[in-house]
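Protein chains in written order, with our numbering: chain A, 1 to 279; chain B, 1 to 279; chain C, 1 to 279; chain D, 1 to 279; chain E, 1 to 279; chain F, 1 to 279.
Honestly, the hints are just simulated from the structure, not real lab data. Watch out, some of these pointers could steer you wrong.
Same chains, same names: a pair is fine if it fits in one copy or spans any two.
Claimed, not checked - Straight-line Cα separation of at most 35 Å, DSBU-like style, residue types lysine-lysine; simulated pairs:
(1) 185 to 72
(2) 165 to 72
(3) 165 to 224
(4) 224 to 120
(5) 185 to 233
(6) 185 to 277
(7) 277 to 165
(8) 3 to 277
(9) 72 to 120
(10) 120 to 185
(11) 122 to 3
(12) 165 to 185
(13) 120 to 3
(14) 122 to 185
Quick caveat: nothing in here was measured; it's all calculated off a predicted structure.
Number of protein chains: 6
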Amino acid sequence: MDKVSLQSMLRSFLREDIAHGDLTSEPLFSSETMGSADLVARESFVIAGAEAVAAEVFRLQNPEISCMGAVKDGTMVSVGTCLLTVSGPVVDLLKAERVALNLLQHLSGIATLTSRFVEKTKLYPVRITDTRKTTPGLRMLEKYAVRAGGGYNHRFNLSDGVLIKDNHIAACGSLTGAVETLREKVPHTIKIEVETDTLDQVRECLDCGVDIIMLDNMDIETMKQAVAMVGDKALVEASGGVTLETVATIAATGVHIISVGALTHSAPSCDIGMDWKVC
Amino acid sequence: MDKVSLQSMLRSFLREDIAHGDLTSEPLFSSETMGSADLVARESFVIAGAEAVAAEVFRLQNPEISCMGAVKDGTMVSVGTCLLTVSGPVVDLLKAERVALNLLQHLSGIATLTSRFVEKTKLYPVRITDTRKTTPGLRMLEKYAVRAGGGYNHRFNLSDGVLIKDNHIAACGSLTGAVETLREKVPHTIKIEVETDTLDQVRECLDCGVDIIMLDNMDIETMKQAVAMVGDKALVEASGGVTLETVATIAATGVHIISVGALTHSAPSCDIGMDWKVC
Amino acid sequence: MDKVSLQSMLRSFLREDIAHGDLTSEPLFSSETMGSADLVARESFVIAGAEAVAAEVFRLQNPEISCMGAVKDGTMVSVGTCLLTVSGPVVDLLKAERVALNLLQHLSGIATLTSRFVEKTKLYPVRITDTRKTTPGLRMLEKYAVRAGGGYNHRFNLSDGVLIKDNHIAACGSLTGAVETLREKVPHTIKIEVETDTLDQVRECLDCGVDIIMLDNMDIETMKQAVAMVGDKALVEASGGVTLETVATIAATGVHIISVGALTHSAPSCDIGMDWKVC
Amino acid sequence: MDKVSLQSMLRSFLREDIAHGDLTSEPLFSSETMGSADLVARESFVIAGAEAVAAEVFRLQNPEISCMGAVKDGTMVSVGTCLLTVSGPVVDLLKAERVALNLLQHLSGIATLTSRFVEKTKLYPVRITDTRKTTPGLRMLEKYAVRAGGGYNHRFNLSDGVLIKDNHIAACGSLTGAVETLREKVPHTIKIEVETDTLDQVRECLDCGVDIIMLDNMDIETMKQAVAMVGDKALVEASGGVTLETVATIAATGVHIISVGALTHSAPSCDIGMDWKVC
Amino acid sequence: MDKVSLQSMLRSFLREDIAHGDLTSEPLFSSETMGSADLVARESFVIAGAEAVAAEVFRLQNPEISCMGAVKDGTMVSVGTCLLTVSGPVVDLLKAERVALNLLQHLSGIATLTSRFVEKTKLYPVRITDTRKTTPGLRMLEKYAVRAGGGYNHRFNLSDGVLIKDNHIAACGSLTGAVETLREKVPHTIKIEVETDTLDQVRECLDCGVDIIMLDNMDIETMKQAVAMVGDKALVEASGGVTLETVATIAATGVHIISVGALTHSAPSCDIGMDWKVC
Amino acid sequence: MDKVSLQSMLRSFLREDIAHGDLTSEPLFSSETMGSADLVARESFVIAGAEAVAAEVFRLQNPEISCMGAVKDGTMVSVGTCLLTVSGPVVDLLKAERVALNLLQHLSGIATLTSRFVEKTKLYPVRITDTRKTTPGLRMLEKYAVRAGGGYNHRFNLSDGVLIKDNHIAACGSLTGAVETLREKVPHTIKIEVETDTLDQVRECLDCGVDIIMLDNMDIETMKQAVAMVGDKALVEASGGVTLETVATIAATGVHIISVGALTHSAPSCDIGMDWKVC
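With the hints as constraints, model all of the structure from the sequences given.
Next up, the structure:
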């Protein structure tokens, strides 16, 4: 994650929430009134972004705010854990509070859900990855949270990986045709992945040297056969409607990667509060 | 919702996903290859944003894309319902697909969860409202989705409403002091809301003419007493950890407004696919 | 007023004036040449923005510039008063000078005109407020200057207040219809204001519980009747062509608010110079 | 004036006023409801920007709005003159109205004041010009309005003209030194102007071949001597506290240019209304 | 290449060149004066960007400009060839001319130089690729031009490919350590490339399964040995100071890829003029 | 060159190269690992931008990076010269490296080529200037590099100088007509330049008092006659296909300015490396 991009993003989030000013706090607090508060876990979860995101929001609102004691990404915290302590002008702490909390709650939600998928599959040498089903505008942050939760990232956008689907195959007349056309066109640094529905397609992928073979919504039995067929000739990725209930069974088939859209599109946020300290 | 802001936002979302180009589709499709696809519900849900958001994404990617048959916001759709039909250059349909779906799924998720809260309270004259606990960068869209689901919006940002909390009261020495200071400072167009924990505070709010009294995490019995005490002298808003299980009981206390953070921070996304038509 | 928005705005103003560089000063001064200057009042006026705006412009141009002795907003200054002392690299003082002065002169002009309206009505319990007739791009700053001059703000934009005018009434068939439709749709945090031309409309507003009744270009006698009719059942706002000559008479009618477009669209700027100190 | 820059600027103005939507108009008007309105002069003035600015605002809000009958820049209009007729979706006409009017009123105010200065000096071959004392963010538009009023522009920013003042002279030890240093450094396309206080300085300017000699706050008699001394060897510009009362006397001295800061920093706005047509 | 990003970029280029307007053309041409011109090759070269870039510049300046007859990317054109015909308002053709030509000349320069490298190696199954040594701000366009010239792209930025260099190896203690750490961390869609100086390093790369082995500034003999050692177990890329004189010899070693920084950082621009048609 | 504009530009360049993060360096280096490196000349050249540009890139990436020993612009450096020493977090040095080098190599290339043209004409009192044939997006920086190389700048954009060409003359019916129309319209601070092909046009320029006469692609003999004809009545600028071979002969004709497009559109970049120090 890079700071130049991050700061630009966080500034726009602050502007969304603060707009032309905080009508409640600005008239009540002088910019000299100092205060201190703890961001505290109200439930148990896996944290993502205390230092890299939440603290950065406070510092962007006012560089004089100091942020200490940030809990490390990926830590499982329990109720009452202090996640970050912020100190500085009260008016700026109040103005940054909501954006910092919204982000920290959202990212920790993603890290927590990811960690549950990871936990379910810990017996298998498999990666849980995200997808491009992220919240628009937040991809960099959400993919960061997936990593914090013990997961891995899939391609970041349409520019940094090839994924051949039905349409592309239809456009070329054949899977092999699509692979060959693209291999001839795209950078040598790019891997080629193909979405397959049948074992015949898996075999065709092997024949034309595809790097990653996605098994799209296949049943467990077919997945096993696909894994056996592929061996170490390509990476095998299971995808499509994976849940906490099904993920272990899928992992047991031997696939190398399981991509889960729900990590980023359906993780409920974690409950975090901001407790002010008596001065 | 305003188009000038919306379009700027959607363009940045497209750039996030497409980056410098679609490595898979651009080499395979000429810009002359036309196609058509349906966005189709894969489960039952309440829709938000088919015309105003998803169609706009496609048109921004390429003004030549035509969008037809958008289902009206707030409609409960069933599995298989076609939500929007898009036609135009295949390469642009593919490039806009993910952003359009991510938004439509997310917003429909919010509308659907909102509609469930609304349904639970339909016997009571109460409003279900959102909060500022929205996904950073998406507030305008998420608040739009809440309305589509039958809910109402709370204040949009720190500039368009006053909400006095503990800190503000502490800073002024008293609730009444905070209210009077702010009433003297803020525009006459702004309502003053106070977060209360006790009936004493509710009474103090009434004495100093607060417009909206928030009952923060009060138990049902205390809420009832607060409602009785307030009568029609102010709006009464219940807030704090409201769930689908508790919302009807809260509504039965007679509060006017129930604000629910979960509407925007924890709604799982709806499942929507894009089915291509045979040409 | 919030710094994140403010700084973005001030940076764009600096870029407008400096463009690709100062052709006169850059070749003549090394970045090590230090200097100091006073911003000095050349006439008597009420100041707005010495610390919050002018000093910020200098600091954004170069964080090494120090700004001291800023006169407090709302102070009536006399000819020769030093409003702000700036010290730092001469080349950066010269590059920021014009933007800082243009803003300080403009905002002080607004504060000064506002204070004259306030002075004229000091015997009455009435608010002088601005309108949306601000200079495009400067609304946040101009509304800040109105407050510095002792005035109050009206709604900030089309999103944070409802103001029902002729068209809206016509669209709904009746004033009451428009009010009821909007009350049903807009957030409970939003007040509803209606622009009225006749006493009949004022009465209709009372009947449907409007929060703020604007008397648009009414004669003094009708205003008095309107005020009597309304009592404390709503806020009454006089609007339309208010001048320094007429404002006291309008205030005497007992209206609660007088909104004056001229505060922001027609205030002449104040004369302020920058006097360099001999080193 | 260039459209690419202009449109970016106008879009940001629309966003400032509309924010996340028009709470009053959006719930009342469907996007299919069409209407038509005239922008009408409520007083007599010289117009600037009906087609280039006001109409552009409406078209940016919604390209389906048609704008007709725009009065030509620089025309002296009388009370009741229709300045522009706009037709299209009512909701978009209402959303763009305030920005369009604010700009048209402001720019026409500048054109009108400019035309009064021009009128006062019509017997003399002199140019009335603006200065850099413009409203931050609006320089391109305000300088356009000065031209519409019959005035001329001075340099646009610090990059497109050299103006040597006291500080620069002090930094180099002498006026001649500053001129020679800069002539050696700046592009050959750039004219060199020097601000002078005395006839000695004027003579020194002539000796070192300055292109434009500014007479800064000189008395009329000294100006006459300066003009006589310069002849056609340089352009002579009078500057400093020029008013409608003094401008003719200054023009009579024979100076070529009179620059007037008040054109852009103190022109009151013109009164323009928007009259809706009965459909 | 994607239009949303492209248009934003081209708009900023137009603003750089036109600034607040064209002082020469705007006063001389009404917006109704139409004209037509040909962009014509003044020398022989390989073209890139006539339709995708130059025509887009003209259309962005004014959507009424029509662009016809664009020569296809990658075509070798001879002196006098018409590359694109543009028709529309003369003032807008003049305002867009320089930006369109600057881009077309620059991109065609890159395509031309690329095609010369490609030509030199046409007997070998090798790819000529670019590097990250592009002109800041123009990477998407310059990489497009490389493709137009028959070359291929290397990774686009630091996010879409891993390239392990000395520092990274030093940081981990060993090449293998760096590879293993990164393979464990980065997305499975990302290939791992290592920069090597010696055959020992090449062997170590093979042992730990590196995807792409860069031979950095190796002599021809060592390259041959490296190629032999690698066989088809990885892609081999030669890099470092490759010139038109040396490229064929390098290609003859059997490497799969030759990356050439000069393609984008040192290609002289092509000479293209704009010839106006007599009307 | 102004910092506010510069920093905005450099930040966008960093974002282009780093995108969402450095996949190689971020996993390998903690943000606490410090390092130091020298930017070193790999060939002999004239440097531009070590302090003003390259160091600024590093500081923007991380303000904790310290930059020392920057070689002064315009210095001819030899192989092995250390141009700048940078110290700070290794991960940020690596992330900023490519952008800093790309810019420094490009700008030094321009300074070097400029200095060669300057050297060729050192016996003549002539200025070598750039043109508007710059790389889009980099004009401010490239014109800075031209000055560093001993050259001069021509007009910066279409707004800060008038240059009358064929089209403009045709539009007015005559050269004199165009000059008179523009002189009447443009600011008095703007010089008027005319592009001429014949001695008749040169004479016409003199008759109507043009400030700068461009001799466009004239042969040497005609240039000499033009220079003789003009004397000191205007500046004479030679333009069109000037090369290192022809520039001295052109300078010998006595023209005051020779403008060379190649300075900015065809300068090969200089070779600069970044050598890491052993810690």
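Hints, one by one, checked against the model:
1. Proximity of residue 185 to residue 72 under the C-alpha cut-off of 35 Å is restricted to the inter-copy arrangement: shortest distance 17 Å between copies versus 42 Å within a copy.
2. In the homo-oligomer, the alpha carbons of residue 165 and residue 72 lie at most 35 Å apart only across protomers (29 Å), although the nearest pairing inside one protomer, at 39 Å, exceeds that limit.
3. Within a single copy, residue 165 and residue 224 get their C-alpha atoms as close as 21 Å, which meets the 35 Å cut-off; across copies the closest is 39 Å, which misses it.
4. When the C-alpha separation of residue 224 and residue 120 is checked against a cutoff of 35 Å, the pair qualifies only within one copy, where the shortest distance is 19 Å, while the shortest distance between copies is 45 Å.
5. For the identical chains of this complex, residue 185 and residue 233 are neighbours both inside a copy (22 Å) and across copies (21 Å), given an alpha-carbon limit of 35 Å.
6. In this assembly of identical chains, residue 185 and residue 277 lie within 35 Å of each other by CA distance solely across copies; the values are 27 Å between and 60 Å within a copy.
7. Proximity of residue 277 and residue 165 under a CA criterion of 35 Å is satisfied inter-copy only: 15 Å between copies versus 55 Å inside one chain copy.
8. Proximity of residue 3 and residue 277 under a CA criterion of 35 Å is satisfied in both settings, with 30 Å inside one chain copy and 25 Å between copies.
9. For the identical chains of this complex, residue 72 and residue 120 are intra-copy neighbours only, at 22 Å inside a copy versus 40 Å across copies, given an alpha-carbon limit of 35 Å.
10. In this assembly of identical chains, residue 120 and residue 185 lie within 35 Å of each other by CA distance solely across copies; the values are 20 Å between and 39 Å within a copy.
11. Proximity of residue 122 and residue 3 under a CA criterion of 35 Å is satisfied intra-copy only: 32 Å inside one chain copy versus 43 Å between copies.
12. Taking the shortest alpha-carbon separations for residue 165 and residue 185, both the intra-copy value of 17 Å and the inter-copy value of 26 Å come in at or below 35 Å.
13. Taking the shortest Cα distances, residue 120 and residue 3 sit within 35 Å of each other inside one copy (33 Å), while across copies they are farther apart (43 Å).
14. Taking identical chains as interchangeable, the C-alpha atoms of residue 122 and residue 185 lie at most 35 Å apart only when they sit on different chains, with a minimum of 17 Å there against 38 Å within one chain.
In this structure, none of the earlier numbered hints is contradicted; all agree with it.
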